[in-house]
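Colleague: Whole structure, please, built from the sequences with the hints as guidance.
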Amino acid sequence: MARTFSSAALASMLAQSTGVAYLTLLNLSHSEFPSGSFYFVNNPVAITSNGQVYAPFPFQITLPDDSEDAGPRAQLQIDNISREIVQYVRSVDGAERIGVSFSVVMSSELDVLLADYPGFELRNISFDVHTLTGDVSLASFLDEPFPSDKFTPNLFPGLF
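Going by our numbering, the first residue of the sequence shown is number 1, and it counts up by one from there.
Derived from the structure by calculation, the hints contain no laboratory data.
A few of these clues could be false.
Have a look at the derived ranges for each label pair, beta carbon to beta carbon [as the list claims (entries may be wrong)]:
#, residue 1, residue 2, range
1, F146, T48, 43 to 49 angstroms
2, S31, N124, 19 to 25 angstroms
3, N50, V20, 14 to 20 angstroms
4, V53, A115, 18 to 24 angstroms
5, Q52, Q75, 22 to 28 angstroms
6, S82, S7, 37 to 43 angstroms
7, P157, Q52, 51 to 57 angstroms
Just so we're clear, the structure is a prediction, and the values are computed from it rather than from any experiment.
Note that CB positions come from ideal geometry on N, CA and C, so glycine has one too.
Modeller: Structure below.
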(Lines of atoms letter the chains of each structure in order from A and count residues from 1; the text may use other names and numbers.)
(Lines give C-alpha, C1' and ligand atoms only; values in the text may rest on other atoms or scores of the structure.)
Protein backbone atom coordinates (compact mmCIF):
# COMPACT_ATOMS: atom_id res chain seq x y z
CA MET A 1 0.00 0.00 0.00
CA ALA A 2 1.50 3.34 -1.03
CA ARG A 3 1.83 6.09 1.54
CA THR A 4 2.25 9.82 1.09
CA PHE A 5 4.77 11.55 3.35
CA SER A 6 5.48 15.23 3.96
CA SER A 7 8.68 16.73 2.60
CA ALA A 8 10.08 16.94 6.16
CA ALA A 9 9.36 13.23 6.71
CA LEU A 10 11.01 12.26 3.43
CA ALA A 11 14.04 14.43 4.18
CA SER A 12 14.53 12.81 7.61
CA MET A 13 14.03 9.30 6.20
CA LEU A 14 16.56 9.82 3.44
CA ALA A 15 19.12 11.76 5.48
CA GLN A 16 22.35 10.07 6.51
CA SER A 17 21.76 11.28 10.06
CA THR A 18 18.89 13.16 11.64
CA GLY A 19 17.76 14.48 14.98
CA VAL A 20 14.18 13.42 14.32
CA ALA A 21 12.72 10.52 16.31
CA TYR A 22 9.81 8.39 15.14
CA LEU A 23 7.35 7.83 17.98
CA THR A 24 4.66 5.19 18.28
CA LEU A 25 1.42 6.34 19.89
CA LEU A 26 -0.72 3.65 21.53
CA ASN A 27 -4.37 3.82 22.59
CA LEU A 28 -5.93 1.01 24.66
CA SER A 29 -9.68 1.37 25.14
CA HIS A 30 -12.42 -0.55 26.90
CA SER A 31 -15.74 0.50 28.44
CA GLU A 32 -14.64 -0.83 31.85
CA PHE A 33 -11.38 1.17 32.00
CA PRO A 34 -11.71 4.03 34.52
CA SER A 35 -11.03 6.76 31.96
CA GLY A 36 -12.25 4.76 28.96
CA SER A 37 -8.82 4.80 27.32
CA PHE A 38 -5.12 4.76 28.08
CA TYR A 39 -2.84 6.82 25.83
CA PHE A 40 0.86 5.91 25.76
CA VAL A 41 3.93 6.95 23.82
CA ASN A 42 7.15 4.97 23.73
CA ASN A 43 9.17 8.02 24.74
CA PRO A 44 10.76 9.19 28.01
CA VAL A 45 8.60 12.34 28.13
CA ALA A 46 4.89 12.97 27.60
CA ILE A 47 3.79 14.46 24.30
CA THR A 48 0.62 16.03 22.91
CA SER A 49 -0.52 14.92 19.47
CA ASN A 50 -3.73 16.16 17.87
CA GLY A 51 -4.93 17.49 21.23
CA GLN A 52 -4.43 14.21 23.12
CA VAL A 53 -1.77 13.85 25.83
CA TYR A 54 0.20 10.61 25.61
CA ALA A 55 1.91 9.42 28.79
CA PRO A 56 5.43 7.99 28.59
CA PHE A 57 5.30 4.23 28.99
CA PRO A 58 7.64 1.50 27.72
CA PHE A 59 6.12 -0.82 25.13
CA GLN A 60 7.11 -2.57 21.92
CA ILE A 61 4.90 -3.17 18.95
CA THR A 62 5.71 -5.15 15.89
CA LEU A 63 3.82 -3.33 13.14
CA PRO A 64 1.82 -5.32 10.61
CA ASP A 65 3.06 -5.88 7.07
CA ASP A 66 1.41 -3.99 4.24
CA SER A 67 0.22 -7.11 2.46
CA GLU A 68 -2.91 -7.78 0.46
CA ASP A 69 -2.60 -11.55 1.01
CA ALA A 70 -3.24 -11.63 4.76
CA GLY A 71 -5.05 -9.59 7.38
CA PRO A 72 -2.92 -7.22 9.42
CA ARG A 73 -1.62 -8.71 12.65
CA ALA A 74 0.73 -7.09 15.12
CA GLN A 75 2.35 -8.14 18.38
CA LEU A 76 2.15 -5.84 21.42
CA GLN A 77 4.40 -6.12 24.46
CA ILE A 78 3.88 -3.69 27.36
CA ASP A 79 6.30 -3.51 30.28
CA ASN A 80 4.58 -4.41 33.54
CA ILE A 81 6.33 -1.74 35.57
CA SER A 82 3.32 -0.28 37.38
CA ARG A 83 1.09 -3.39 37.52
CA GLU A 84 -1.83 -1.02 36.86
CA ILE A 85 -2.34 -2.07 33.24
CA VAL A 86 -2.43 -5.79 34.08
CA GLN A 87 -4.94 -5.08 36.86
CA TYR A 88 -7.29 -3.35 34.41
CA VAL A 89 -6.81 -5.98 31.70
CA ARG A 90 -7.59 -8.78 34.17
CA SER A 91 -10.76 -7.06 35.36
CA VAL A 92 -12.45 -6.58 31.96
CA ASP A 93 -15.36 -8.70 30.84
CA GLY A 94 -14.38 -11.26 28.20
CA ALA A 95 -17.41 -10.47 26.01
CA GLU A 96 -15.95 -7.12 24.92
CA ARG A 97 -12.39 -7.09 23.63
CA ILE A 98 -9.87 -4.38 24.43
CA GLY A 99 -9.63 -1.93 21.56
CA VAL A 100 -6.20 -1.01 20.25
CA SER A 101 -5.14 1.70 17.86
CA PHE A 102 -1.65 2.95 17.17
CA SER A 103 0.00 5.59 15.06
CA VAL A 104 3.49 6.68 14.08
CA VAL A 105 4.53 10.35 14.26
CA MET A 106 7.76 12.29 13.97
CA SER A 107 9.06 14.22 16.96
CA SER A 108 9.25 17.35 14.79
CA GLU A 109 5.63 17.04 13.51
CA LEU A 110 3.57 15.54 16.33
CA ASP A 111 0.20 16.30 14.73
CA VAL A 112 1.00 14.62 11.40
CA LEU A 113 0.33 10.87 11.38
CA LEU A 114 2.81 9.00 9.18
CA ALA A 115 0.95 5.73 9.68
CA ASP A 116 -2.34 5.10 11.43
CA TYR A 117 -3.72 1.70 12.46
CA PRO A 118 -7.21 2.08 14.05
CA GLY A 119 -9.82 -0.52 14.95
CA PHE A 120 -7.71 -3.40 16.23
CA GLU A 121 -8.46 -5.75 19.12
CA LEU A 122 -6.14 -7.22 21.73
CA ARG A 123 -6.31 -11.03 21.76
CA ASN A 124 -4.39 -13.93 23.29
CA ILE A 125 -3.28 -11.86 26.27
CA SER A 126 -0.64 -13.27 28.57
CA PHE A 127 1.36 -11.61 31.30
CA ASP A 128 4.09 -12.31 33.78
CA VAL A 129 6.05 -10.27 36.30
CA HIS A 130 7.84 -8.27 33.59
CA THR A 131 5.53 -7.92 30.57
CA LEU A 132 2.00 -8.07 29.22
CA THR A 133 1.90 -9.57 25.72
CA GLY A 134 -0.93 -9.91 23.23
CA ASP A 135 -1.79 -10.26 19.58
CA VAL A 136 -3.26 -7.20 17.93
CA SER A 137 -5.55 -8.03 15.02
CA LEU A 138 -8.67 -6.85 13.26
CA ALA A 139 -11.97 -8.44 14.17
CA SER A 140 -12.58 -11.35 11.85
CA PHE A 141 -16.00 -11.84 10.33
CA LEU A 142 -15.12 -15.54 10.13
CA ASP A 143 -15.54 -15.75 13.93
CA GLU A 144 -19.18 -14.67 13.67
CA PRO A 145 -21.81 -17.43 13.67
CA PHE A 146 -23.72 -17.97 10.44
CA PRO A 147 -26.61 -17.88 10.31
CA SER A 148 -26.91 -15.61 13.30
CA ASP A 149 -30.04 -17.37 14.61
CA LYS A 150 -30.52 -21.01 15.50
CA PHE A 151 -33.59 -22.58 13.98
CA THR A 152 -35.20 -24.04 17.09
CA PRO A 153 -38.89 -24.75 17.76
CA ASN A 154 -39.24 -21.93 20.25
CA LEU A 155 -37.78 -19.29 17.84
CA PHE A 156 -39.29 -20.61 14.59
CA PRO A 157 -42.40 -22.68 15.45
CA GLY A 158 -43.63 -22.58 11.84
CA LEU A 159 -40.74 -24.75 10.67
CA PHE A 160 -41.62 -27.64 12.95
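Colleague: Could you tell me whether the CB distance from S82 to S7 stays inside 37 to 43 angstroms?
Modeller: The hinted range 37 to 43 angstroms holds for S82 and S7, with Cβ atoms some 39 angstroms apart.
Colleague: Does the Cβ pair S31, N124 satisfy 19 to 25 angstroms?
Modeller: At roughly 21 angstroms between Cβ atoms, N124 and S31 fall inside 19 to 25 angstroms, so the hint holds.
Colleague: Please test the hint of 22 to 28 angstroms on the beta carbon pair from Q52 and Q75.
Modeller: Holds - the Cβ-Cβ distance for Q52 and Q75, about 24 angstroms, lies within 22 to 28 angstroms.
Colleague: Could you tell me whether the CB distance from V53 to A115 stays inside 18 to 24 angstroms?
Modeller: holds, 21 angstroms
Colleague: Hint says 43 to 49 angstroms; check whether the CB-CB distance for F146 and T48 agrees.
Modeller: Distance hint for F146, T48 holds at roughly 44 angstroms.
Colleague: Given the hint of 51 to 57 angstroms, check if P157 and Q52 actually sit that far apart at their C-beta atoms.
Modeller: Given range 51 to 57 angstroms: holds, Cβ gap about 53 angstroms.
Colleague: Mind checking the hinted window 14 to 20 angstroms against the Cβ distance between N50 and V20?
Modeller: holds, 18 angstroms
Consistency with the previously given hints is maintained throughout, with no hint failing.
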